[in-house]
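J.: Our numbering applies: residue 1 is where the sequence shown begins, and numbers increase by one.
Hints listed in this document are in silico derivations from the structure and should not be mistaken for laboratory results. Don't take every hint at face value.
Here are the computed distance ranges between Cβ atoms for each label pair [unchecked claim]:
(1) G77 to K173: 41 to 49 Å
(2) N151 to E40: 37 to 45 Å
(3) P136 to G30: 15 to 23 Å
(4) G30 to C175: 16 to 24 Å
(5) D117 to M172: 33 to 41 Å
(6) A32 to A133: 23 to 31 Å
(7) M46 to G188: 18 to 26 Å
(8) D48 to M172: 37 to 45 Å
(9) S130 to I39: 17 to 25 Å
(10) T62 to G162: 23 to 31 Å
(11) I39 to D145: 20 to 28 Å
(12) F176 to G41: 18 to 26 Å
(13) R148 to G30: 22 to 30 Å
(14) M172 to G77: 39 to 47 Å
The model shown is predicted, which means the values in this text are computed figures rather than measured ones. All C-beta atoms in this analysis are idealised placements derived from N, C-alpha and C, irrespective of residue type, glycine included.
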Amino acid sequence: MEISRKAGGPEGQRATLWSAMERDLCHICGEADPDFWGIEGDLIVMCDGCDEQAHLSCYGLTEVPEGDWFCQGCVDGVKVGPGMPDDSGMCALCPVPGGVLARVQPPSRWATDWGADGSHAHLCCASSLSEVAVTPSTTCAPVIDMSRVKNSRMALMCGLCGLAGGCVQCSMKNCFQGFHVLCARAAGL
Numbered sequence: 001m002e003i004s005r006k007a008g009g010p011e012g013q014r015a016t017l018w019s020a021m022e023r024d025l026c027h028i029c030g031e032a033d034p035d036f037w038g039i040e041g042d043l044i045v046m047c048d049g050c051d052e053q054a055h056l057s058c059y060g061l062t063e064v065p066e067g068d069w070f071c072q073g074c075v076d077g078v079k080v081g082p083g084m085p086d087d088s089g090m091c092a093l094c095p096v097p098g099g100v101l102a103r104v105q106p107p108s109r110w111a112t113d114w115g116a117d118g119s120h121a122h123l124c125c126a127s128s129l130s131e132v133a134v135t136p137s138t139t140c141a142p143v144i145d146m147s148r149v150k151n152s153r154m155a156l157m158c159g160l161c162g163l164a165g166g167c168v169q170c171s172m173k174n175c176f177q178g179f180h181v182l183c184a185r186a187a188g189l
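Based on the sequences and whatever the hints tell you, model everything.
T.: Written as C-alpha cells, this is what we have:
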C-alpha cells in the first residue's frame with residue numbers, strides 16, 4: 001500500500017493508515033469470530049474504558065468478568081502519548097495509538113520516535129516477535145518481557161509508517177522489508 005500520496009506529511013500519512021484499522025475485531029489476533037480459536041465460550045470482551053476488544057483467550061481471561069472490565073492500558077492510564085501531534089500510542093514496539101496494552105516488565109530500554117516510555121506494549125505486537133515473551137497471569141493482563149530484543153529489531157524501519165521499532169520482516173526470499181504488525185494489519189497485508 002502506497003500511503004505517501006494519501007496525506008501530507010508523515011503525521012498525516014500515519015493518521016490515514018491507522019484510521020483504516022478495523023475496530024470490530026479482537027485487537028490481539030485480528031479475528032472477529034468469538035469462537036475462532038476453537039475454544040468453546042471464547043467470547044470477545046470489550047473494555048469499558050476504550051472500547052477495544054479481545055478474545056478471552058487472547059487476553060488471558062478464562063471467563064467474562066462481572067461488571068465493568070478495563071484493559072491494562074486503561075487501568076494504568078497510558079492510552080496515548082503525552083502531547084504527541086499525531087496521537088501516537090504508548091506501545092514500546094509500535095506507534096499505533098490505542099489498542100490492547102499490557103505491562104512490560106522490566107520496562108523496555110529502547111527509546112522510541114513516538115515518545116513511549118517503555119512501560120506498556122500491545123499484546124498483538126509482543127506476541128508477533130519471537131524474542132518477546134508474553135507470560136499469562138491469572139490476576140491481571142499478561143506481562144510482556146522485552147529483555148531479549150536486539151538492537152537490529154528495534155532499528156528496523158516500517159515500510160508503511162516510516163518509523164523504526166519492533167517490526168516483523170517479510171519472509172519472501174531476498175526481501176528484508178520491515179513492518180509494524182498493526183501498520184501491516186491496517187494496510188491489509
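J.: Find the hints from earlier in the document that the structure breaks and name them by number, from lowest to highest.
T.: 10 and 12
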